[in-house]
Amino acid sequence: MRLLWRLCLVLLVGASGGVSASAQPSQQSVLVIDQSSAGLPFNTALASAIRSTLNAASKRPISFYSENLDANRFFGSRYEDDYARFLLAKYRDRHIDVVVAVGVSALDFVLRHRAEIWPSVPVIFAAIDEATASRLTLPDNVTGLTMQLTLQDMVRVAQIAVPDLKKIALVGDPLDRQTFYRHFRDEIPLIAAQFEIIDLQNMRMADLKERLGRLPDDAAVIYTGIYYDSEGVSYVPAELVSTITAWANRPVIVNVSSYLNKGAVGGYIVLADPIGQRTAQVAVRILNGESVASIPVSRVPSALIFEWPALRRWSISADSLPSGSEIRFRQIGIWEQYRAYILAALGAIVLQAALIGWLLLERRRRRAAEVLARNSMSELAQMNRVATAGELSASIAHEVNQPLTAIMAQAGAALVFLGREKPDVPEVHAALREIKACTARAAEIIASVRALFKKETTERHATDLNHLILAVVGLTRIEAHKRDVQLDIRLTDDLPLVGCDPVQVQQVVLNLMMNAIEAMQSAPDRVLCVASGLTKPGVVHVSVADTGTGVAAADIDRVFKPMFTTKSRGMGMGLSICRSIIENHSGRIWISAAHPRGAIFHFELPTGLEARA
Amino acid sequence: MGEGPVISIIDDDPSVRKATDGLVRSLGYRAETFASAEDFLQSGHIDDTSCLITDVQMPGLSGVELQTMLNARGTRVPIIFITAFPEDRIRRCVLEAGAIGFLSKPFEESLLIEHLEAALAVR
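Protein sequences, first through last, are from chains A and B. Residue numbers for the first sequence follow my numbering, beginning at 695 and rising by one. Residue numbers for the second sequence follow my numbering, beginning at 2 and rising by one.
Just chain A, with the same shape it has in the complex (with noise of 0.2 Å):
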């Protein structure tokens, strides 16, 4: 234990010994004293700007020491005095390479008791305006930064905040009282000769608020701080400028970064951050040897900052205001915040409306279109029925006469058994009974005549497909002949009922075996042969076959295209409606080739009555 002990004291005397044989200590002490109290927002932040820069800076390791002399608050020869024996004291074994003397209370302080704490220690003030700077008689081994910091500037500013300005308040301490703003007062004469200065210092804080709140249009408010009020009640200045702006009905002109974003106006703003880094460079510089009769007293200039809502709050233009001027704390708005991102999605909205729209708009013109095109089908299908119906008239019209014929001759018959002495009751009888058969058969025909070419027709129902067909056929017979033309009809039967517009079916036919008849035109044997039968179970066939001249194998897939056409008359578009009604029957049309010649055209319909309306 005693050994240990006996151990622990030579390493501490060898570690003393070792410092103080040293020609230049390994670590480098700056002490900074600022003439305000601890914990003011502005010098807190020069002080660690200068701390923070120092160390940044610095090759070796530095000792930062400050002390606040609290100028504003005490005073007198004696708190120095006192203050000065109190820091001889506490730095009595500390080694201090230099003191940084931030505002001129502290300057003057330092230059009056350096002699007798640190002798010959370099001295750096910081933080004092111009004006005040220019008249001191600087000794040797102090050099310093200065700031601008003028009443003018100031008063140049609420020059742009109230154009018409004529008066001007006064917020703060008495000027005299204070350490920072103290040099104002020399400027007071000058602005009092262009403006009516309303003096507002020293003042209760209610009486201040009644005052601020009611003053003329003309005025602005200089607010310099308010250490403590006329009752003396102790404040930080800086925490006081939101309540001033509040207070104020007209725009309070500050001039320190600390003051910033409580609602002022702004102007020329006595930074920190820059005073302490340039006045960290400098102790730095001197740290390292340079002799401070080399380094210039320098000037850090103030920079113009303005405040976003307090322009708004005003009513002043960005563009009344000097060249270089900062604008801070907008407020963004949303619409200013993410304009870009709000303008692409109401760009992407648009867009994708424009094209809703748009397709919207063509679903419209195609379903426009589809009606048209089933409306002019359907036009087209009745003129083609109306065309086929004048093709026929003669066809239809023998069809006609033939029981009329038959009607009157029976009636004649009847009426000469009946005139004889004896009338010939059987004869009469058997006349009668042939009229009224005949009738029966000439009503069948209009009415088949009416179904096929009646305009409207949208029913389907049950159809006997080959009763369909021999309608059809009964139509074309005379056509036939006149043409020459045989027919053959092989037609299968008990076939299913088909579920279609029967009339519609029947244009298909008709047109089918005109067609035939019109392709034989030439040929030498003409036989039109129309066939029925099953394909499969509920898929009916038909099909109408000629011996013309068939349809060349490049036609093949063109022949139910509209205005296809080989004939020398009309418009092409038959097929074409077969294949229409066909396919809307959800069945299927096609053409092959017959042999030895002749085409053959076939369609098949579903005989399910649940075909699409």
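These are computed hints drawn from the structure, not numbers from a lab. Since the model is a prediction, treat every value here as computed from it, not as a measurement. Idealized CB from N, CA, C, for every residue including glycine. Keep in mind that a hint or two might mislead.
[To be verified] Using 25 Å as the maximum straight-line C-alpha spacing, the simulated DMTMM-like pairs for lysine to aspartate or glutamate come out as follows:
hint	chain 1	residue 1	chain 2	residue 2
1	A	1176	B	89
2	A	1176	B	39
3	A	1176	B	88
4	A	1176	B	66
[Claimed, not checked] Computed footprint of chain A on chain B; a stretch qualifies when at least three of its residues, placed anywhere within it, have a C-beta under 8 Å from a C-beta of chain A:
hint	segment
5	8-18
6	26-33
7	81-89
8	100-110
Starting from the known structure of chain A, fit chain B onto it as the hints suggest.
Frame of chain A; chain B shown alone:
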């Protein structure tokens, strides 16, 4: 009624054929009916036919062709044409070839009787 003139009737339409037959018989004549000109030609009634009533348009031989054939054979049987297609060209043609009449369907029975009597009188 086995005696008297035979009236031959050719029409492919059964009801017309039957009606014409009834009318002719009501007048007291004997009637023979045929569904086609070919049937008539093969029937053996050509020579005992006092009057031929025939349709114009028929499958196979038409009425006009039948007249041409009969004329070519020298068979001078009076012919009354009945047609649903009364074309002037055909009317002129058949009348020039010696036909008694060319009636449009439907015809007044009195008209047929008139022509029939005229035909039988010629005979």
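- Query: Tell me, which hint numbers fail for this structure?
  - Reply: none
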